[in-house]
Amino acid sequence: TQSKKAVKFFNAGEDLFNKSNYQDAIESFSSAIEKFPEYYEAFNNRGNSYANIGEFKNAITNYNKAIEIDPKNADAYYNRGYTYRNMGEFENALKDFNKVIELNPNDLESYINKGEIFKDIGEYKKAEEEFSKSISLDSNYTEIYFNRGCCNSELKNYKQAIKDFTKAIGLKPDFPVAYFNRGVVKAELKDYTGAIADYNKAIKLKPNYAIAYCNRGISKKKLKDYNGAIADFNKAIELEPDFTDAYFDRG
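Numbering-wise (the working numbering), the sequence shown opens with residue 249 and increments by one.
Any given hint might turn out to be false.
Unchecked claim - Once the Cα atoms are required to be at most 25 Å apart in a straight line, the calculated DMTMM-like pairs of lysine to aspartate or glutamate come out as:
hint, residue 1, residue 2
1, 252, 289
2, 407, 422
3, 407, 436
4, 347, 357
5, 283, 263
6, 305, 275
7, 320, 357
8, 343, 323
9, 252, 272
10, 415, 486
11, 420, 391
12, 347, 386
13, 283, 303
14, 305, 357
15, 347, 316
16, 420, 386
17, 470, 486
18, 320, 282
19, 305, 286
20, 452, 422
21, 367, 422
22, 313, 303
23, 415, 402
24, 415, 357
To be verified - For each label pair, taking beta carbons as the anchor points, the in silico distance ranges come out as:
hint, residue 1, residue 2, range
25, 256, 320, 32 to 38 Å
26, 253, 305, 27 to 33 Å
27, 278, 368, 31 to 37 Å
28, 320, 489, 19 to 25 Å
29, 476, 272, 55 to 61 Å
30, 259, 454, 40 to 46 Å
In short, the hints are calculated from the structure, not lab data.
The C-beta atom is built at its ideal place from N, Cα and C for all residues, glycine as well.
Using the sequences and the accompanying hints, generate a full structural model.
Next comes the structure, spelled out in structure tokens:
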């Protein structure tokens with residue numbers, strides 16, 4: 249078992265870590281490991297310290313050692329998976345998150361991470377499935393509905409996407425991107441009046457939202473409100489002079 253000295257170094261490392269003093273935390277965890285070479289938590293936390301300063305390879309080495317010491321503890325698999333994700337090693341990340349779920353079938357964050365990875369690599373159906381599993385574990389998590397809405401939008405499941413964005417907005421009414429995305433989907437369904445209402449809300453919450461002005465301009469153009477459309481395209485260009493879409497739409 250851990251000696252009192254090892255625990256003392258470990259606790260000091262925890263304090264330093266919590267104060268974001270990662271370099272000194274690494275030294276404390278290293279001292280704990282010197283006193284007790286099979287200290288799972290010290291390897292895991294030293295890995296977290298390395299990850300926080302961007303030394304991902306050192307972080308992975310420490311998580312590997314933690315897993316070697318205790319292969320049934322999900323924490324190091326999760327942390328290693330998250331680090332692999334940050335490194336862009338998505339296949340390894342997915343393997344680790346699957347292992348966490350095998351050890352703890354209700355691990356919400358692992359499902360969310362899997363969903364976000366699939367979304368990032370354009371596998372929207374798989375992402376949608378992971379977000380749906382996440383919702384079954386926590387039905388009040390705004391970002392999950394938002395992310396599932398984005399996937400349903402990409403999959404052209406527009407009615408479900410609107411439901412997802414509406415749920416996200418219900419949980420977090422000051423969420424400009426959710427209004428914007430719902431507006432985009434309404435425009436896809438040719439509900440231009442509904443789209444404009446959502447763009448209005450997005451712009452009210454985020455007044456410098458250039459693309460929302462641009463999209464609102466497109467919807468106004470569809471409704472033959474040409475003056476309103478030009479005003480919106482001009483505003484988009486004023487906010488972002490490099491906004492080529494707005495020039496094109498204005499033209």
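Check: Which hint numbers doesn't this structure obey?
Finding: 10, 25, 28
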